[in-house]
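Quick note on numbering: the working numbering labels position 146 of the sequence shown as 146, and the sequence is numbered without any gaps.
There's no promise every hint is true.
[To be verified] With a straight-line Cα cutoff of 27 Å, these simulated BS3-like cross-link-like pairs (lysine-lysine) come out: (1) Lys87 to Lys100; (2) Lys103 to Lys123; (3) Lys160 to Lys149; (4) Lys63 to Lys140.
Just so you know, the hints here were simulated from the structure itself, not pulled from any lab data.
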Amino acid sequence: MLHATVNGKKTMDLNWDGQSTEGKLNDVAFVWDALHSSPEHMHVLHQNKSYNVEVVQLNAESKEAIIKVNGNKYTVQLKDRFDDLLKSLGMESVGDKKLKDLKAPMPGLVLDILVAEGTVVEKDTPLLILEAMKMENVIKSPAAGTVKKVNAIKGNAVEKNAVLLEFV
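Let the sequences and hints guide you as you build the complete structure.
Dropping the structure here:
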């Protein structure tokens, strides 16, 4: 049994093994016919209706996918029985990364700093822009956190592994 949350709003119970052409959605049986044209694209027939489905992005670690169905984008978050068990035990955030500091992934020039001390950031929030080999690289947060100190200075060069930002 999976719990699927679509676009952060609608939650559905999905009982499907991921391989067969049948299952249950909110305890209602479904049958579909699917033809895979590539690993990311498939054509689905369900109740005499045709759907073109594309997996735009898949993050197995967070169990989140962005899919397009007939051109409309949907963000789908999946939770299984193990996620439910961890939540019931109050341990759902045990595996979350604790952000301590952000180091320069390469030597470069700090072009812009996009956050200030005290800024609360989520995973993938742009933090700063680092120029390396004439390319601008947007450095994003690897996890959620709060900026404690900004060590980087706009316009200054930094070495690889230099601490750019510190987090609470």
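| field | Hint check, failures only | value | none
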